[in-house]
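Trainee: Below are the chains, spelled out letter by letter.
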Amino acid sequence: MKTNDVILQTATKVVLFLIVLFSVYIFFAGHYTPGGGFVGGLLTSGAIILLLLAFDMKTVEKILPVNYMYMIAAGLLFAIGTGAGALLFNVPFLTHAFTDVDLPILGHLSLHTAALFDLGVFLVVVGVTMIIIKTIGEDD
Amino acid sequence: MSLLHLAIISPFLLAILVPIAYKLFRQIHTGWFVLPLPILLFSYFISYLSITSDQQSVTKSFSWIPALGIDFAAKVDGLGLLFALLISGIGSLVVLYSIYYLDKNKEQLNTFYVYLLLFMGAMLGVVLSDNLIVLYTFWEFTSFSSFLLIGYWYHREKSRYGAQKSMIITVFGGLSMLGGIILLYLMTGTFSISEIIAGSDEIFSHSLFVPALLCFLIGAFTKSAQFPFHIWLPDAMEAPTPVSAYLHSATMVKAGIYLVARMSPVFAEHSLWLWLIAGFGITTLFWGSFSAVKQTDLKAILAFSTVSQLGMIMSLLGIGAAALHFETVDDSYFTVATTAAVFHLINHATFKGSLFMVAGIVDHETGTRDIRKLGGLMNFMPITFTLAVIGTFSMAGLPPFNGFLSKEMFFTGMVRVLEMDIFNLDTWGFLFPVLAWVASVFTFIYSMILVFKTFTGKFQPEQLEKKPHEAPIGMLISPIILASLVIIIGFFPNIIANTLISPAQAAIMPVEGYVYDTHIYFWHGFTPELFMTLGVITLGILLFVTLPKWRRVYDFLPEKLALNRFYDSGLSGIQHVAHKFTKWYMNGSIRNYLVYIFTFFIITLLSVLFLKGAFKFDASNVSAIRFSEIVLALVIAIGAITIMFVKSRLTSIILLGAVGYTVALFFVLFRAPDLALTQLVIETISVALFLLCFYHLPQIKDEERMPFKATNAVISIGVGLVITLIAFSAHSNKLFDSISQYYIDNTYEKAAGKNMVNVILVDFRGFDTMFEITVLAIAALGIFGMIKLRLGGGKKNENK
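Protein chains in written order, with the working numbering: chain G, 1 to 140; chain X, 1 to 800.
Any given hint might turn out to be false.
As the list claims (entries may be wrong) - Simulated restraints on C-beta separations:
#1 G:Y32 with X:M586: 31 to 41 Å
#2 G:L18 with X:F600: 47 to 57 Å
#3 G:Q9 with X:Y748: 41 to 51 Å
#4 G:G107 with X:N746: 18 to 28 Å
#5 G:Q9 with X:F617: 52 to 62 Å
#6 G:E138 with X:I625: 45 to 55 Å
In case anyone wonders, no lab produced these hints; they're calculated from the structure.
Think of the CB as a built atom: it goes at the ideal place given N, C-alpha and C, for glycine as much as any other residue.
Given these sequences and hints, build the entire structure.
Mentor: Put into structure tokens, the structure is as follows:
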């Protein structure tokens, strides 16, 4: 029997963006308030899982045509690359740098290479979670 | 690197070339390529005679591992040269003999000569090394090459058995010797034998002296087949006869003798040395000759005879050590034993080598070595018969052969034991001449059996596989040379007295400023020794003639005393016990292994905690407990305890989730928002995964509660208790303040962040994080691989 999940699907469409926004917020705010790459990544994959629950696997793949293996690799590259980048400036591995800048619209900001590292964490966590869920889900 | 070093390693170098020669020149017997080397070596070593005859020595050193004090120091002195000449001389004869003995079309000649050359080089290394570690290296090399040679016909089970047995026993002794070497190094700080000898007076009272002595003796006794380690030698007779003649009569089995002689200046001051060597030697002499009489295989007789003769040389070396304890008596009075040892060493190598070759010829020409099948071969093989007579009569100690002279000297040495009044020798010392005499009677009997049962009596052609005929001349050359030596040395013993024997003696017992001068007299006059020999001959002939009547003594006697049985049952017993033990504790059940691990954990930690007095309970540093904490702790405790007692797995999973969420609440309570966030999400995911596992579990009809087991309860309570105690003690024993103040101060100043947890994670200690995400990535890839790459099962799914 095919069920009609219209309420779930509609609710998902709305809630999804809230979750994604929240996760992006948590990710970016991580350096100042609780949060960071790890929780941000988990929440983003939570949003994708919600999609998976509301729709089926193929639809989600159409919506998000991402190879999560590459995502893990990219995340690791970001993390290690950030660390290795420090070597170019003749400082020890994983030495972070930051500057304060004033941007026209966004105002006073501090740009930090730690955010790039955190981005690596974020990508790996999303990739890992999605790989685990998808692999187990596709298996019969 | 000098010419001397080159001489020692030249057999190894030639061993590399032998397989090439074997492949290239299939028409020529490979032995011909090998033969020139030992001859060359022999003539090279002859050139050293001029130096050693003056009782001097030459040392050439070659740096090997200087940082550890290990140099390849080669030293040629009287003793080393004597052995080097035996090795290269008899080596040449054996190679010549083997050329005719081994068929070039039927045998794997390349391996044979490679092994033989390895052995020759190793043996030269043993006797010419002045460094104990180098000596040990070559020593083990002789064990290995002997193992390979005994197992040369590896398709025979008996060869493999003999090879394994000799390997186990000699390597056991070799390792024990290594222990002795290390102990000596600890005492003296050097591996150089010359230096150790030079400083031997100081180590005499050292507490490690006796252990080192015992270690060396075990090494020497196993290699030289002394009682009770002699059991490997008769089984080593499965080797081709040239090997038996070379290794198991003339060279390898004398390595132990060499070691005893070489270490005499270090250890001989101690009474234990004299007692052990002389005692074990005389026992071996007796037991070997006694056992030889009952053998029916020619080579087995010769093997036991070798055992007994080695025992004789060993006992002489032991008695000779007594000379060190007398300063007033004329030195040569007691050193006659040492002279006899060296002299008999040479004699034994000559007659035993030729006898083995004779046995090989008999085997080769008739197809059997069983003396019950042999007989009356005298007319078919006159030359072989002559050689056998010379060899056996010399072995039995009959004039005019060289064995007679050394046996006379042996008796002299043994009779003089009676006059020693040291080390309580006056109490049990009389056993030495008595045992020596009885053993000589047995030696006489088996010597006669060897020659007369084989060559005289009734000829039994139906028992023989081949029609017997005289051996080819090539096969006879080597035993003829050896037998001629037996006669030459018998008639003119003094040609080797001052060239070989005295220098060797000077090396065995160096006395400052004393020059050994040896004379061997053919005729002593009417001495007790002469009458002992006459008695041996009379009783020996009597017993040989009446042999069938008393032979049944052997049927019940030695069977009970067989050391082989002890060895075999010991070996299988060790295997059996090890098997049982491993089966008992490695039973494959993970529960059991966890029991071991946790029990070990509890015992170790608890004992350390209380033995070291580390347990301490100090509540002064504890903060006040809030009501909310008590509530949460109760929730967790109830959840955790209920998990153990619920029936359904589903309930367990949900309870576990409850515990996890409560932990998250604890994080909230203890102001760890990052942890609380992560804990919540992760707990959700893991509960979902648990449910997934639960869903896929095979249908079990009645879900039962976990059965109660007292051991498990005790262990789990124990683990909990230990961890709690350690946590209390650790908290009460804080020695330093936390380093967190640095992070608090610098999170914003240096890292431009305000969330300290995150700043530590990505900045201060980002290195850890980098590898934690790597761990995650590996886990994901692992899950992906496990599920997608199910071989066989995965393919089925694709076909659907």
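Trainee: Does each hint fit the structure? Answer for all of them.
Mentor: Hints versus structure:
1. Checking the proposed 31 to 41 Å range against Y32 of chain G and M586 of chain X shows it is violated: the Cβ atoms sit about 56 Å from each other.
2. Checking the proposed 47 to 57 Å range against L18 of chain G and F600 of chain X shows it holds: the Cβ atoms sit about 53 Å from each other.
3. For the pair Q9 of chain G and Y748 of chain X, the beta carbons lie near 45 Å from each other, so the given range of 41 to 51 Å is met.
4. Checked against the hint of 18 to 28 Å, the C-beta distance between G107 of chain G and N746 of chain X comes to roughly 26 Å, which is consistent with it.
5. Remark: the range hint 52 to 62 Å for Q9 of chain G to F617 of chain X is upheld by a beta-carbon distance near 60 Å.
6. Checked against the given bound of 45 to 55 Å, the beta carbons of E138 of chain G and I625 of chain X, roughly 49 Å apart, stay inside it.
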